[in-house]
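J.: What follows is the residue order along each chain.
2 protein chains.
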Amino acid sequence: MAKAPKTAIQPTRSEDYPEWYQQVIRAADLAESSPVRGCMVIKPWGYRLWENMQRALDDMFKATGHQNAYFPLFIPMSFLEKEAEHVEGFAKECAVVTHHRLEPNPDGGLRPAGALEEPLIVRPTSETIIGATYAKWVQSHRDLPILINQWANVVRWEMRTRMFLRTAEFLWQEGHTVHATSEEAIAETQQMINVYADFAQNWMAMPVIIGSKTPAERFPGAVETLSIEAMMQDRKALQAGTSHFLGQNFSKAQEIMFQAENGERQYAWTTSWGVSTRLVGALIMSHSDDDGLVLPPRLAPDQIVILPIYRDDSQRLEVLQHVESIKAELEAMSFLGQPLRIAIDDRDVRGGEKKWHHVKRGVPIRLEVGPKDIEKGSVFVGRRDQPKSFGMSRSEFIATAPALLDEMQKGLFNRALQLRNENTQEITTESDFRDFFAASDEKELHGGFAHCHFADEQSLEPLLKDLKVTIRCVPSEDNDEAGTCFSTGKAAQKRAIFAKAY
Amino acid sequence: MAKAPKTAIQPTRSEDYPEWYQQVIRAADLAESSPVRGCMVIKPWGYRLWENMQRALDDMFKATGHQNAYFPLFIPMSFLEKEAEHVEGFAKECAVVTHHRLEPNPDGGLRPAGALEEPLIVRPTSETIIGATYAKWVQSHRDLPILINQWANVVRWEMRTRMFLRTAEFLWQEGHTVHATSEEAIAETQQMINVYADFAQNWMAMPVIIGSKTPAERFPGAVETLSIEAMMQDRKALQAGTSHFLGQNFSKAQEIMFQAENGERQYAWTTSWGVSTRLVGALIMSHSDDDGLVLPPRLAPDQIVILPIYRDDSQRLEVLQHVESIKAELEAMSFLGQPLRIAIDDRDVRGGEKKWHHVKRGVPIRLEVGPKDIEKGSVFVGRRDQPKSFGMSRSEFIATAPALLDEMQKGLFNRALQLRNENTQEITTESDFRDFFAASDEKELHGGFAHCHFADEQSLEPLLKDLKVTIRCVPSEDNDEAGTCFSTGKAAQKRAIFAKAY
Chain A
427 MAKAPKTAIQ
437 PTRSEDYPEW
447 YQQVIRAADL
457 AESSPVRGCM
467 VIKPWGYRLW
477 ENMQRALDDM
487 FKATGHQNAY
497 FPLFIPMSFL
507 EKEAEHVEGF
517 AKECAVVTHH
527 RLEPNPDGGL
537 RPAGALEEPL
547 IVRPTSETII
557 GATYAKWVQS
567 HRDLPILINQ
577 WANVVRWEMR
587 TRMFLRTAEF
597 LWQEGHTVHA
607 TSEEAIAETQ
617 QMINVYADFA
627 QNWMAMPVII
637 GSKTPAERFP
647 GAVETLSIEA
657 MMQDRKALQA
667 GTSHFLGQNF
677 SKAQEIMFQA
687 ENGERQYAWT
697 TSWGVSTRLV
707 GALIMSHSDD
717 DGLVLPPRLA
727 PDQIVILPIY
737 RDDSQRLEVL
747 QHVESIKAEL
757 EAMSFLGQPL
767 RIAIDDRDVR
777 GGEKKWHHVK
787 RGVPIRLEVG
797 PKDIEKGSVF
807 VGRRDQPKSF
817 GMSRSEFIAT
827 APALLDEMQK
837 GLFNRALQLR
847 NENTQEITTE
857 SDFRDFFAAS
867 DEKELHGGFA
877 HCHFADEQSL
887 EPLLKDLKVT
897 IRCVPSEDND
907 EAGTCFSTGK
917 AAQKRAIFAK
927 AY
Chain B
427 MAKAPKTAIQ
437 PTRSEDYPEW
447 YQQVIRAADL
457 AESSPVRGCM
467 VIKPWGYRLW
477 ENMQRALDDM
487 FKATGHQNAY
497 FPLFIPMSFL
507 EKEAEHVEGF
517 AKECAVVTHH
527 RLEPNPDGGL
537 RPAGALEEPL
547 IVRPTSETII
557 GATYAKWVQS
567 HRDLPILINQ
577 WANVVRWEMR
587 TRMFLRTAEF
597 LWQEGHTVHA
607 TSEEAIAETQ
617 QMINVYADFA
627 QNWMAMPVII
637 GSKTPAERFP
647 GAVETLSIEA
657 MMQDRKALQA
667 GTSHFLGQNF
677 SKAQEIMFQA
687 ENGERQYAWT
697 TSWGVSTRLV
707 GALIMSHSDD
717 DGLVLPPRLA
727 PDQIVILPIY
737 RDDSQRLEVL
747 QHVESIKAEL
757 EAMSFLGQPL
767 RIAIDDRDVR
777 GGEKKWHHVK
787 RGVPIRLEVG
797 PKDIEKGSVF
807 VGRRDQPKSF
817 GMSRSEFIAT
827 APALLDEMQK
837 GLFNRALQLR
847 NENTQEITTE
857 SDFRDFFAAS
867 DEKELHGGFA
877 HCHFADEQSL
887 EPLLKDLKVT
897 IRCVPSEDND
907 EAGTCFSTGK
917 AAQKRAIFAK
927 AY
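In the order they appear, the protein sequences are chains A and B. So the first sequence is numbered by my numbering: it starts at 427 and just counts up by one. So the second sequence is numbered by my numbering: it starts at 427 and just counts up by one.
No lab work stands behind these hints, which were simulated from the structure alone. Because the structure is a prediction, the values reported are computed rather than measured. It cannot be assumed that every hint is accurate.
Copies of the same chain look alike in the list, so a pair counts if it works inside one copy or between any two.
[Said to hold, decoys possible] Calculated pairs, DSBU-like style, for lysine-lysine (alpha carbon to alpha carbon, straight line, at most 35 Å):
no. : residue 1 : residue 2
1   : Lys488    : Lys798
2   : Lys562    : Lys786
3   : Lys780    : Lys508
4   : Lys518    : Lys508
5   : Lys518    : Lys678
6   : Lys562    : Lys662
7   : Lys678    : Lys780
8   : Lys562    : Lys432
9   : Lys678    : Lys488
10  : Lys562    : Lys780
11  : Lys781    : Lys488
12  : Lys753    : Lys781
13  : Lys488    : Lys780
14  : Lys920    : Lys781
15  : Lys916    : Lys432
Chain A on its own, in the form it takes in the complex:
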């Protein structure tokens, strides 16, 4: 039997997907674990990726009328108690500050001192602390709507963590809005899940399904949670963003009231919505391959890296001048409204190692340029999404670089969409449902999205628990056909997506 070709990432996706994921992160220098349990260090390449995501999202939030602000890291314990479901959802996994200084321990070292009168919680999410502030800001219908977003770190004391996907501390944005009517708040909830879907599909090249969460999967305290769900390459679902219609639950808990035009005092209607550094994990698992990270050009920190090739110092100067001029010409061009991001890697490292450095980091296009290329007016092009490299005239490459990036961006999206389509099934019987998910094993590719009619989630609980499957969402579109529940046979109005999930 022929030996399989060696890949840059060991193990491969098919050999051990979870371990492949960790190795891609390591090989691409995105992040690493830290000395603090469950917290990671986001390294420069990973942080640049996050900055690009932030910039794009921030522009979209501002274009839809939101402003940024900043609220305290700490939440007084009593605030969390005000909304019953909310505290139930977060009390089990929060970091609690109980002291405000350290003092020498008689046995050596230090110990906490200065006990606080009331413990403070490091925010796991900010509905309660922001709501307390909004209660002061909102007096009249003229103060509404309030449309605010916050970029922040939050802490949830997860027992099992995985880089980017589930960490004790993570970076995110949380939008918190207040409205005079239920209709307006629902429209906001819908608008923001659409913004997230737009970002996922057009920036991350990641197809997503918009839908509603079932009651058991809702955000603690929400009336309705909308989410975007994506399929990773191991066929598992990943929830990539959520937008919550909170009804009057939080405004009642926190007395966010306003005087309506008719003079009546009313409770306001609130929403919240967020995405996090989890998106980096989603990006990795959507596109990367057995040679490492693959980045969609719109988000890649460097879109094109130029690798100058020369034998000695006499060639060096000429080649460097030449690649600088290519860089300048490329930087004068734009891709979807942004100037191209070009790097030159002139480190003293051998060619093969240098090439693989950028392959593993997911740079969309590599350009090798040596003295012969200068002579011929050519460049040697490597695409991250295809195994073959090819020569091309310098001027043609420069003229068509944005089109090439666009083709790659769309290609990644289409490849991900095809994977999802191939692994999505309409399922109408419990036995087919069991078969669909049964082949599963933690280290294998398996399952996918099952579209099934269902009547109520409670009766499905034992089956789902047994198969480790969850209801991802009830899709918002193309979901008006009535049917019967695949498991109970009861009449059902809607289909849901069932999948194993991150």
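Fit chain B to the known structure of chain A by using the hints.
T.: Just chain B now, with coordinates in the frame of chain A:
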């Protein structure tokens, strides 16, 4: 006696400077106190100002070769203990996380549960946690230098807080670099204090003095601390940024070692440097007046606000179309490389109230445009830095707007420089020194910067404590003249700046 003209801010600066400061913040809608002791809420107008500061600084850091990354919020208590001076400096004011969940209290409510094996400190600064990571990254001289910055929140449990100037939680950036030689690390320390001075003077329009801190005022664990010091309008000093040469103190505490070219294992040399939301406080106190906030145009969230004036709906449409076209023409122009930032305020609020809204928020230029102006092709211009408003042709205003903003930017700098010059004195005797600072009262304008030769700081301690004066810095420039200490009469090589300070 004539009644003093009414000002938008009560009290005025001369009546009660500290209270005036709070009222400017409130009137400009920059921030407010939160339900969490010592923590503030940064409101949208204040946050936009901070975002503009961040963007400018971030560009400067990247232009000097730094990359951003992100490190954990928490620091294990044992890490803090490793550097003796460092822990001494921060142990008395840090938030300590001791538990990782909440459980129902038998008497009702909740209580902390799940005690951590080792308490975690919410970072007051990140030398120790970042250093522990760098120790893993640095193996060889080829891994150096490491030039990384982090934008983050930090917590220092201050007992007396004041918005922006001293809050329990604040936002900042902290650069942390590692070098192979002492010379390189010293050059980095110097480079970054120069970047801060450049930002303070050219963006904030705030003159600063660069100098070294005396040993007692150094960052805990540093070999040398450089700072920029500015004079506020009440003549007090404000430390606006610091850059620390840490020598090998932290690399020894944390085993940051590398193999040099000669094969020897050596301790690395590190630096750290930071500025924070304190800069917003400095900006407020540098330029604002008794009518509220005054913003330097380069950092103003809106540089020009257009106030459309009309009597009824028939006029409304014409005026709005007209001001939209003015806005579009202005936005096509640039000021110091950035497109102009223009807002239209079409809220249904009476003219006087609307004008004062923007005066108090510090918008550099107000433009009133009504039907008569459209007819005449004119605009009515209000400058925030001058009391008088004036008419001007529309086309001339548009053509000269960047020049006008530039004039205002320079004007603010010059006004602040003049204030500093008028309140700076060379002082050579203790009696003059006492007189200079004696008139002081918390609510009055007083004192200033005293330039004095001094021999050693310890012998001055009782005098300085008595007068509530501190040594701000030993200026780096024009400080080579020998003399005698103003207090002890001992021979002295350098002058220092003495002042009351924030």
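J.: Confirm or reject each hint.
T.: Here's how the hints hold up against the structure:
For the identical chains of this complex, Lys488 and Lys798 are inter-copy neighbours only, at 34 Å across copies versus 49 Å inside a copy, given an alpha-carbon limit of 35 Å. Taking CA atoms no more than 35 Å apart as the test, Lys562 paired with Lys786 passes between copies only; the shortest distance there is 21 Å, against 51 Å inside one copy. In the homo-oligomer, the alpha carbons of Lys780 and Lys508 never lie at most 35 Å apart, since the shortest distance is 56 Å inside one protomer and 38 Å across protomers. Taking the shortest Cα distances, Lys518 and Lys508 sit within 35 Å of each other both inside one copy (16 Å) and across copies (32 Å).
In this assembly of identical chains, Lys518 and Lys678 lie within 35 Å of each other by CA distance solely inside one copy; the values are 24 Å within and 39 Å between copies. Within a single copy, Lys562 and Lys662 get their C-alpha atoms only as close as 44 Å, which misses the 35 Å cut-off; across copies the closest is 34 Å, which meets it. Proximity of Lys678 to Lys780 under the C-alpha cut-off of 35 Å is restricted to the inter-copy arrangement: shortest distance 33 Å between copies versus 59 Å within a copy. For a Cα distance limit of 35 Å, the shortest separation of Lys562 from Lys432 across copies, 28 Å, qualifies, whereas the shortest one inside one copy, 62 Å, does not.
Taking the shortest alpha-carbon separations for Lys678 and Lys488, only the intra-copy value of 28 Å comes in at or below 35 Å, while the best inter-copy value is 47 Å. For the homomeric pair Lys562 and Lys780, the shortest alpha-carbon distance between copies (22 Å) is at most 35 Å, but the shortest distance inside one copy (57 Å) is not. For a Cα distance limit of 35 Å, the shortest separation of Lys781 from Lys488 across copies, 25 Å, qualifies, whereas the shortest one inside one copy, 39 Å, does not. Taking CA atoms no more than 35 Å apart as the test, Lys753 paired with Lys781 passes inside one copy only; the shortest distance there is 18 Å, against 48 Å between copies.
In this homomeric assembly, Lys488 and Lys780 come within 35 Å of each other (Cα to Cα) only across copies, at 23 Å, whereas the closest approach inside a single copy is 40 Å. Taking the shortest alpha-carbon separations for Lys920 and Lys781, neither the intra-copy value of 50 Å nor the inter-copy value of 55 Å comes in at or below 35 Å. Taking identical chains as interchangeable, the C-alpha atoms of Lys916 and Lys432 are never at most 35 Å apart, the minima being 52 Å within one chain and 75 Å between chains.
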